[in-house]
Amino acid sequence: MAPAVRLREAVALAGNFPLLTGVTLEVAEGEIVHLQGPNGAGKTSLLRLCCGLVALCSGEALVLGHDLAAERRSVRRDVGLLGHSSFLYDDLSGEENVRFALRASGLSGREAAARTRGALDRLDLGGRLASTPVSRLSAGQRRRTAIAVLVGRQPRLWLLDEPHAGLDQASRDLLDGIVAESRQAGATVLLSSHEVARATAVADRVVHLGGGRVTEEPVHAA
Amino acid sequence: MLRDAALVCGKDLRIEMRSRVTLNQVVPFAAVVMLLFGLALGPDRRVLVPAASGLFWVAVLFSSVLAVQRSFALESADDAREGLRLSGLDPAGVFLGKAGAVLAELVVLEVLLAMAMALLYGAHLAGVPVLAASAVLASLGLAAVGILYGAAASGLRVRETLLPLLFLPVVAPVLLAATKAWNLALAGTPDRADGWLSVLGVFAVLYLAIGTVAFGSLMEDR
Numbered sequence: 001m002a003p004a005v006r007l008r009e010a011v012a013l014a015g016n017f018p019l020l021t022g023v024t025l026e027v028a029e030g031e032i033v034h035l036q037g038p039n040g041a042g043k044t045s046l047l048r049l050c051c052g053l054v055a056l057c058s059g060e061a062l063v064l065g066h067d068l069a070a071e072r073r074s075v076r077r078d079v080g081l082l083g084h085s086s087f088l089y090d091d092l093s094g095e096e097n098v099r100f101a102l103r104a105s106g107l108s109g110r111e112a113a114a115r116t117r118g119a120l121d122r123l124d125l126g127g128r129l130a131s132t133p134v135s136r137l138s139a140g141q142r143r144r145t146a147i148a149v150l151v152g153r154q155p156r157l158w159l160l161d162e163p164h165a166g167l168d169q170a171s172r173d174l175l176d177g178i179v180a181e182s183r184q185a186g187a188t189v190l191l192s193s194h195e196v197a198r199a200t201a202v203a204d205r206v207v208h209l210g211g212g213r214v215t216e217e218p219v220h221a222a
Numbered sequence: 001m002l003r004d005a006a007l008v009c010g011k012d013l014r015i016e017m018r019s020r021v022t023l024n025q026v027v028p029f030a031a032v033v034m035l036l037f038g039l040a041l042g043p044d045r046r047v048l049v050p051a052a053s054g055l056f057w058v059a060v061l062f063s064s065v066l067a068v069q070r071s072f073a074l075e076s077a078d079d080a081r082e083g084l085r086l087s088g089l090d091p092a093g094v095f096l097g098k099a100g101a102v103l104a105e106l107v108v109l110e111v112l113l114a115m116a117m118a119l120l121y122g123a124h125l126a127g128v129p130v131l132a133a134s135a136v137l138a139s140l141g142l143a144a145v146g147i148l149y150g151a152a153a154s155g156l157r158v159r160e161t162l163l164p165l166l167f168l169p170v171v172a173p174v175l176l177a178a179t180k181a182w183n184l185a186l187a188g189t190p191d192r193a194d195g196w197l198s199v200l201g202v203f204a205v206l207y208l209a210i211g212t213v214a215f216g217s218l219m220e221d222r
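One line per chain: the protein sequences are A and B, in this order. Under the working numbering, think of the first position of the first sequence as 1, with each following residue one higher. Under the working numbering, think of the first position of the second sequence as 1, with each following residue one higher.
If you are wondering where the hints come from, they were derived from the structure by calculation, not from laboratory data. Cβ atoms here follow ideal geometry from the backbone N, Cα and C, with glycine treated the same way. Just to be clear, a hint being listed does not mean it is correct.
Stated by the list, open to error - Some chain B residues flagged as far from chain A (calculated, every beta-carbon gap over 10 Å): (1) 7; (2) 45; (3) 91; (4) 201.
Claimed, not checked - Stretches of chain A that chain B covers, calculated by requiring three or more beta carbons in the stretch to come under 8 Å of a beta carbon on chain B: (5) 63-77; (6) 88-97; (7) 159-165.
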């Protein structure tokens, strides 16, 4: 079976600034990989490369069978990113935000509505919270709404960048349960979290990053 | 593509209905511009009526800059623009959807401004079919150019000042043709406006075609 992610000497730049300096990494389908490293190691850039938000400058990058050098837009319908931002519209309710994201991913109106209700209930955001504009939600509730988008979309590859940030204890446990469920459903997960013990417990494997590349040993902050 | 366009257009209009930025800020701005033009030219109807069309379209042009900036401000909050890129929506559909929403807002604005023009300048609104046709075609051109250049400027720190600099010179033909068509309609000779309507139509089709092709590249990181 082809790996979900295969990177060979992948280099990414922001202008002249190196984001990734030659990452070689293979992630099997259904695997959960925890990316570890100090700030600036390249964890966020690697996740953004895998969903096509960062352009590949040189090397090879195959994600879910798509060559990111040639078709980075094509991979996006199969990939879900939980980034530092929530990608939500302040004037829309949580329900409207999730439904829009699911419709945008290609689902029919009926299917999107059903999945939206299920996802919001799963994240304990049903009832009045669902119809509240997200501008009035707390940071944690916004974060859970963003997670509900992923739960509803059911992507084949989950990219989770500091997924525990801003969540209370119960929500962190809930998220870990969702990650485990997504793996059981066959999804692959790449996650980066400074909650090392929690992320390592849910992961199959830890990959260390430093200076924009994979390292053999853990890299500590300078 | 059309499904995606309808989805994005519906989302933008729903946000506008909630926030009422166009109604509460852009329409009063345009009305103040019309009033100031009237004050500058004085109360003499022999001066105001012949100038009414030009003043109307200059006010619409300034207002359309605000409408386009608002359209991209929606996407800059909480990095929603990245969410849009990740959604898997057809970029051409996103372009048409955002242009459609701006078109709808401009048409509402123009109806209100036309009433203000009749009230403030004493202009008699004759030749309504030509007025309506030229308004729709001109708005379509303004919306297409605005969304195209709005996307080009949206990732830049100087976007607020750059957009008018890019946008206003390009839409000079719209100002000219729409003003001529309205002058002819208001003068009771709407049948002579066909040539100017054709100019507006060609301009709108040209920029819709360019936007449909180019928008995807403009949405990606440069």
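Are all beta-carbon distances from residue 91 of chain B to chain A longer than 10 Å?
-> violated, 8 Å
Test the statement that residue 45 of chain B is away from the interface with chain A: the closest C-beta pair must be farther apart than 10 Å.
-> holds, 43 Å
Are there three or more residues in the stretch 63-77 of chain A whose C-beta lies closer than 8 Å to some C-beta of chain B?
-> Three-residue rule met by the stretch 63-77 of chain A, so holds; n is 3.
Residue 201 of chain B clear of chain A by more than 10 Å, beta carbon to beta carbon?
-> holds, 31 Å
Interface exclusion of residue 7 of chain B relative to chain A, criterion Cβ beyond 10 Å = violated, 6 Å
With a Cβ-Cβ cutoff of 8 Å, does the stretch 88-97 of chain A contain at least three residues near chain B?
-> Holds: 6 residues of the stretch 88-97 of chain A have a Cβ under 8 Å from chain B.
Cβ contact check, 8 Å cutoff: the stretch 159-165 of chain A against chain B, three residues minimum = violated (count 0)
Hints 1, 3, 7 from the earlier list are contradicted by this structure; the remaining hints agree with it.
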